[in-house]
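Peer 1: The primary structure of each chain is shown beneath.
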Amino acid sequence: MLNIKDLRVSVEGKEILKGINLEVKPGEVHAIMGPNGSGKSTLASALAGNESFEITAGEVTYMGKDLLDLSPENRAREGIFLGFQYPVEIPGVSMVNFLRTAINEHKKYRNEEPLSAGEFLKLMREKKSLVEIDSDLTSRSVNEGFSGGEKKKNEIFQMALLNPKLSILDETDSGLDIDALRIVANGVNKLRTKDNATVVITHYQRLLDYIVPDYVHVLYKGKIVKSGDKSLALQLEEKGYDWLKQEAGIEV
Amino acid sequence: MKTLTEKTDTVNKYVTLFHEHQGEIMDAEPAFLSGMRREAIADFERLGFPKKKAENYKYVHLEPFFNGALETRFAPRKLEFDIQEMFRCDIPTLDTHVLLVLNGFFYTTTGEQLVEQENGVIFGSLKEATARHPELVSQHLGKYADYRNDAFVALNTACAQDGVFLYVPEKQTLDKPLQIIHLLLSDENEMVQHRNLFIAEKHSEAEVIICDHTLSNHMFLTNSVSEISVAENASLDVVRMQNEHNQAVQITNTWIEQRRDSTARHSTITLHGGKVRNNLQVKLKGENAHCDANGLFLIDKAQHVDNFTVIEHQQPHCTSNQHYKGVLDDAATGAFSGKIHVFPDAQKTEAYQTNNNVLLTRDAKMHTKPQLEIYADDVKCSHGATVGQIDENALFYLQTRGIPREEARLMLMYAFADDVISGIREEALRDRIANLVSRRLRGELSRCDNCAINCYD
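Residue numbers (our numbering), protein chains in the order written: chain A, 16 to 267; chain B, 977 to 1433.
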């Protein structure tokens, strides 16, 4: 589904990702962990197409297509979803208008009829229950005045509505209390199928108690320094990152 | 009768024009009006046009526009004008009394110059109202717009022949909004000066919609004055939609005087125009009066919109809110200058002002100048101004949800404009304006040869 080869990314002339290799297959859940500043969010943003991240080398194929060739909106319409670490507040743009426009842009891309108002509301109701999002939130402006937890739930809500093939969730657990974390994780789990894949970027092992990964990768100083199964996450929880840093130091 | 003005010293040109045509200008009008005109032309001669770089006209120098070869008329010209042809006027959602002012002269579509309703409400031609009700008009005309100190008001006072008159007597409510459509239609370049007078007596209520339109491709220069009196406990809403073409120069002078416990709401939505200067002067002359002054402009190419406001808090416990916004594309330029003047006795004043602007290109330019003059010590006043770009993070966020960049940009621009639009109380009008703004942002309203309010649906 997703194949990243030797990806190098710079921000304002500074190289953040120094050769990333990663393969994600349908049905898999990958967790990317790593200390602050290791480049986790840069990877997420670059995959979603943020132009302030400059791709200096490497290639990314997604469903047989050159991902780096696509605009952010076409990446989304091809089925990539980025759950933001800091969802953007957009005063004046109503949730309803935003969601309906987004869904219908996806439909348009697939040459399907746009949703009628009734169909759209039905879909909203259906997906709302999935993430236990407050009805009230959908009558407001996008993320405006939402609490941290509401913002994250709103990301998963959008994910549910857009039904992506590949979801990249950037620090979806940060700022969540345990109840919100459970709701968000349950939402993600319910949306899992054998055909879609999820990349979970996180700091802590905590989230992985709920969203169980098939693979765990540790990103350090712009490189994946270790990959393993879910036991790697537990190891990190126990020992921290220091032992890996030492190991990486030796390897580099 | 028409006069082709010549290129001479601009002030003298208009003074001479006045004197040469004074017989026609003052024909059959009450003495109070002629007396006022003579004063006003002398004031205009003394004041002259604002000099280049004059503090209040720093960003737009208007005198040169008065210097062009422009026709000026003091009586309406017969025009081949088929109202049905020009306007496909069906507005099921917006039920209004429609009044047309064509090149500065009231243009009746019903044969009636002045409507006088049973409850005492009067609306129609100002010229006709002055003839029929000279005592009523003389109590108000020239009493609010300061022609002694403002050259544009002085010139208008001396020359204006007609416009719209609205009178709402005590405790009466205007049954539906008055919609005034100022049309400019000519086969030559023309200067137009019209005058409106709206009087809301004690405990009365009224709503006025003004639409400014050009219907032919000539250079038009408009210098209009609207005088508005809002008496005790009265409420008056004015929404002005400006939609003129790129060769049009428009100066609007709106003077509002409010008495105690009154409310006035004034919104100016500029969808299109060549050079636009809007002067809004509000005097809060009674306790506990409230004023909202809002503005929104959406401009591109080499357009210029200049909003200038002065809110005078003369009495205690008054509140005012000013909210002006602008979206500037291409090499458009804009200016906002907003003054809040709190008099020494005006304790417990609350006066707020914000001015937010979005520049879509590097060439667009915005000048913003808040001015607070506060002579009372127990007041709450604030001002804030921003000039920025579209938020890149918000754009990216929308894109990652599959919304194309251009559509995302439109959504954000529309969102930016939205809070001025949502300040319009009348729902049907608000929806209509929302629709117009959205289409303007999409570039679908690049021409404006019809009345936008009526005809774009």
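Hints are supplied without guarantee of correctness; some may be wrong.
FRET-style restraints, in silico, Cβ to Cβ [to be verified]:
no.: 1; chain 1: A; residue 1: Asp149; chain 2: B; residue 2: Arg1401; range: 54 to 62 Å
no.: 2; chain 1: B; residue 1: Gly1399; chain 2: A; residue 2: Gly190; range: 32 to 40 Å
no.: 3; chain 1: A; residue 1: Arg155; chain 2: B; residue 2: Gln1347; range: 31 to 39 Å
no.: 4; chain 1: A; residue 1: Arg221; chain 2: B; residue 2: Ile1366; range: 32 to 40 Å
no.: 5; chain 1: B; residue 1: Thr1149; chain 2: A; residue 2: Glu159; range: 33 to 41 Å
no.: 6; chain 1: B; residue 1: Gly1360; chain 2: A; residue 2: Gly133; range: 25 to 33 Å
These are calculated hints, taken from the structure and not from any lab test.
Here a beta-carbon is modelled for each residue, glycine too, at the ideal position from N, C-alpha and C.
Peer 1: For the pair Gly1360/B and Gly133/A, does the Cβ-Cβ distance stay inside 25 to 33 Å?
Peer 2: Given about 42 Å between the Cβ atoms, the range is violated.
Peer 1: Between Arg221/A and Ile1366/B, is the Cβ distance one that fits in 32 to 40 Å?
Peer 2: Once the Cβ atoms are compared, 37 Å apart, the range 32 to 40 Å for Ile1366/B and Arg221/A holds.
Peer 1: Does the Cβ-Cβ separation between Gly1399/B and Gly190/A fall within 32 to 40 Å?
Peer 2: At roughly 34 Å between Cβ atoms, Gly190/A and Gly1399/B fall inside 32 to 40 Å, so the hint holds.
Peer 1: I want to verify a distance hint. Is the separation of the beta carbons of Asp149/A and Arg1401/B within 54 to 62 Å?
Peer 2: violated (29 Å)
Peer 1: Can the suggested window of 33 to 41 Å be confirmed for the beta-carbon pair Thr1149/B and Glu159/A?
Peer 2: holds (37 Å)
Peer 1: Is 31 to 39 Å right for how far apart the beta carbons of Arg155/A and Gln1347/B are?
Peer 2: holds (35 Å)
The structure does not agree with the numbered hints 1 and 6 stated previously, though it agrees with the rest.
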